[in-house]
Amino acid sequence: MDRYNCPLMRQLQEVSFALVELNLYLDNYPNNQQALADFNSLSQKYQELKAMYEAQYGPLTNFGYAPSQYPWQWVNEPWPWEV
Amino acid sequence: MWIYEKKLQYPVNIRNGDLRMAKYLITQYGGPDGELAAALRYQTQRYTMPTGKSKALLTDIATEEMAHLEVIATMVYQLMRNASIEEIKAAGLGGYYADHDKALFYVNGDGVPWTAAYIQAKGDPIADLHEDMAAEQKARATYEWLINLTDDPCVKDPLRFLREREVVHFQRFGEALMDVQECLDRKKFY
Ligand SMILES: [Fe+2]
Chain U
1 MDRYNCPLMR QLQEVSFALV ELNLYLDNYP NNQQALADFN SLSQKYQELK
51 AMYEAQYGPL TNFGYAPSQY PWQWVNEPWP WEV
Chain S
1001 MWIYEKKLQY PVNIRNGDLR MAKYLITQYG GPDGELAAAL RYQTQRYTMP
1051 TGKSKALLTD IATEEMAHLE VIATMVYQLM RNASIEEIKA AGLGGYYADH
1101 DKALFYVNGD GVPWTAAYIQ AKGDPIADLH EDMAAEQKAR ATYEWLINLT
1151 DDPCVKDPLR FLREREVVHF QRFGEALMDV QECLDRKKFY
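If you read the sequences in order, they're chains U and S. Everything in the first sequence is counted per my numbering, starting at 1 for the first residue and increasing by one. Everything in the second sequence is counted per my numbering, starting at 1001 for the first residue and increasing by one.
Since the hints were derived computationally from the structure, they do not count as laboratory data. A couple of the hints might just be wrong.
[Said to hold, decoys possible] Here are the simulated DSS-like pairs of lysine-lysine, each with C-alpha atoms no more than 27 angstroms apart in a straight line:
1. Lys1006/S - Lys45/U
2. Lys1053/S - Lys1188/S
3. Lys1006/S - Lys1156/S
4. Lys1055/S - Lys1156/S
5. Lys1053/S - Lys45/U
6. Lys1053/S - Lys1138/S
Every value quoted in this text rests on a predicted model; they were computed, and no experiment measured them.
Generate the whole structure from the sequences, applying the supplied hints.
Here it is, written out as structure tokens:
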């Protein structure tokens, strides 16, 4: 199972998709408390999934948003288009 | 500032090469109604939007379009990666190969390079948001024509996802237009 087709990546894609949707919705309706509560709980969920994924495959985000083990893991292949 | 996430927004796993489809699909990379045009249009229009909400929406949709650009690039890359020279010539991509080999370049299906003339930033939020709504509908239609051009479920599936996103973006821009309109009307009266 490669890093882009594992169940953890699928979960990350699902949760981040819901977050994008809620984010765009909240841009237009910032006073919607239900949407905001959903956003905040999924945001928490995303951080948890991201930490689990990164422990296994290395950083998901560059520029300091995730630590790296030695040697510098950001350069590891495959890149997302190479599956 | 932007941060890159080393993942696709939507999974792409294309096993069978198809150069003709790659040639059609590349228009959503660098064509008039493609993802580059969308991303750069919203990105540059956001600076002169009148409200915090519209600035946020254009920033966020522009950013999502960059993720769509990557999905399209991945699809074209995977459709082309194992192609032989003979297949490239037969698909009418000899001219593309001469200029770019199998590199991803911002052209439409006929090889016409991307141009800033595809987009506008008028400085008038009503005009800009109308352009954005039209752009989403044109992108939606392009995705429908592209879906008609292939039988491969591994190609159709991400195209359906991208088509749906254009529908959602259209909806959000429409709401933003109404909000900005109201906001400008209120300013006129008081
Ligand atoms: Fe869009």
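Hint-by-hint comparison with the structure:
For the given pair, Lys1006/S sits about 18 angstroms from Lys45/U by alpha-carbon distance, which is consistent with the 27 angstroms threshold. Only pairs whose Cα atoms come within 27 angstroms are accepted, and Lys1053/S paired with Lys1188/S is accepted, the gap being roughly 20 angstroms. Restraint check for Lys1006/S and Lys1156/S: the C-alpha separation of about 23 angstroms stays at or below 27 angstroms, so the hint holds. Annotation: proposed proximity of Lys1055/S to Lys1156/S is violated, straight-line Cα distance about 33 angstroms (limit 27 angstroms).
For the hint pairing Lys1053/S with Lys45/U, the CA-to-CA distance comes to about 25 angstroms; that is within 27 angstroms, so the pair holds. A hinted pair counts as satisfied when its Cα atoms are at most 27 angstroms apart, and Lys1053/S with Lys1138/S qualifies at roughly 24 angstroms.
In summary, the one numbered hint that this structure violates is 4.
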